[in-house]
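Student: Each chain, written out:
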Amino acid sequence: MSPRGGGEPAVVPDAEFTSYYGRPVVKPAPWAADIPAYMFAGGLAAGSSLLAAGADLTSRPALRRSGRVTALAALGFSAAALVHDLGRPSRFLNMMRTVKLTSPMSVGTWILALYGPPAGLAAVAELAGVPGVPRRLGRVLGALGRPAGLAAGLLAPPVAAYTAVLLSDTATPSWHEAYRELPFVFVSSAAAAAGGAALLAVPAAQAGPARRLAVGGALAELLAEARMERSMGMTAEPLHQGGAGRLMRAAKLLTAAGAALTLLAGRRRPVAALAGAALLAGSACTRFGVVEAGLASARDPRYTVVPQRRRLAQAATRSPRA
Amino acid sequence: MAGRHSLFGPIDPAADAGWVDPPPRKGFFTDTSVCIGCKACEVACKEWNLLPDDGFELLGSSYDNTGALGSTTWRHVAFVEQGGRASVDLGMPGLGPPAPAPAAPAPGAGAVAGAPPGSEPPVSAAPAERPDFRWLMSSDVCKHCTHAACLDVCPTGSLFRTEFGTVVVQPDVCNGCGYCVPACPYGVIERRPGPAGDPLAGIAQKCTLCYDRLRSGAEPACAKACPTDSIQFGDVEELRERAAARLDVLRAAGQDEARLYGAEPDDGVGGTGAFFLLLDEPEVYGLPPDPVVTTKDLPHMFNRASAAAVALLAGAALSFLGRR
Ligand code: SF4
Ligand code: SF4
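These protein sequence lines are chains A and B, in that order.
Mapping of the first sequence onto my numbering: residues 1 to 322, in sequence order.
Mapping of the second sequence onto my numbering: residues 1 to 324, in sequence order.
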């Protein structure tokens, strides 16, 4: 199998690859489904907060309500996934004992800690008009809803983007080599997912921005993903093989189908719901596929050794050392 | 402290981490040319650090049934059986009478496969120059990198830089997120899988360079136990000189494939605190040929992510332009 493009001349043929009994050189991350699920839900929450903030400013109450509620639900789900991965809730608190700029996980924890409360408050504020809620509380909530929702909207983009840095700041070949485009793949995927969720929940009359965000996000994701694969060199291979390959193919198909349905007949509720479901599923498949491809690239020493060999050979041709 | 310079390039790790007047940096020089594969280091490490067993499986990889470094293996002895590519006379008994004088130098490595039985001259002509088989043994360990990715990415500060310039996990602080595991470019650190009930289950574990022993002035257990001085412990500065001298000796003796691994302060991880004299390419021993600390690209990564975040914000705003 020849390495994919990337514009690098094949200085060292793959045939020279050697390894220690085929064992991995780097260790795969010990992360199960919790982590990609956490990333998907985080992206969905972020995109939904953005939609809610925009809807609030442009007087689209149904879109605002669905965005805020989706954000809170997704956030709750992602927190549960994270705690499940860590094993104990107290360990999540342990993450807050320090601020570390060299650790994307530390930075991400703080971004989430800043984003969570306003996002949650904005969702709770939706109770304001609900019958049974005391008048006074209702008024306080009503007043807090907008500032909280806007704050959540402003803090949302980093929530969607940081998980890409989380993956790329590792020695896992297919994650690290993706670092240039992965943030764009993830934020577009978050936009598509949030648009999709709103298509499911919001009447067509108010869902215009959701449709545009969904279609724009889907197209941007497909473009960014294609670019990413070109810049990754041979470490793009795992994105096409095995379970990761199936997930990535499904992601592309679902995302493209979701965008097409939205464009063609997004104003008809049943079609919109179908499109929304496809976009949500596509976004989830992207996270699971990227995570799985990275794990596969770590398990195969070829993806660690061959690019490093090639780099050494290139350095040697540039400046022959004594 | 987190300045760009501290992410890459040669530095004094203990001073960079904020230690005032740290003692000289400590480390290992592992000279694999004298390793006899006795595994005394593996055992001494397990005993001193109370590491549980790794299971009792036969892996079918020569005499290596440990496999790799991990949460319960902090020293690992690799056994490489090589056929048909050695250009080095290790003084092993060969077939036929000893060669009278060094004959023509061996052609490029990997060129000559073991001659089939019954074929002619080479076997008796110069067997010592081209043994058709050789052992490579090497005791691997955490590299205690100058720029340690594991330490950089740890969100809790559980991994810290000691006054000796080494990298140590505090098990009571680690929350088991496992982020350090994929961050290490050498595949060293690992989250201990079990058993349930073990207070260290789910906690990242690796070589501490026997921090407890160092603090009381003793040398690490593995170096102490090594009968051939393949594992040498000491001040990194001095060890680097010793390693360079040993390399010269081996090169002069015709061991062209001998090389130092990790001893250069300007390599991808800023040089390692534990470095090696190898007799073949690093990947033959399961080591990465050109590891680079992943945080080297971190500023660039954060820039890309910021651009993506701004793009998302702009995209969301754009989607509200237009009527429906
Ligand atoms: S070898 Fe790996 S575990 Fe050891 S200090 Fe370097 S990055 Fe950390
Ligand atoms: S597993 Fe422990 S030592 Fe490793 S990064 Fe997470 S908190 Fe730090």
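Just so you know, the hints here were simulated from the structure itself, not pulled from any lab data.
Think of the CB as a built atom: it goes at the ideal place given N, C-alpha and C, for glycine as much as any other residue.
Warning: the hint list may mix true and false statements.
Covered stretches of chain A (chain B as the covering partner; in silico rule of three or more C-beta atoms under 8 angstroms from a C-beta of chain B) [unchecked claim]:
no.: 1; stretch: 26-32
no.: 2; stretch: 91-105
no.: 3; stretch: 253-263
Student: Compare the structure with each hint and give your call.
Tutor: Going through the hints against the structure:
1. 26-32: holds (count 6)
2. 91-105: Satisfied; 12 residues make the cut.
3. 253-263: violated (count 0)
This entry does not satisfy hint 3, going by the numbered hints stated previously; all others are met.
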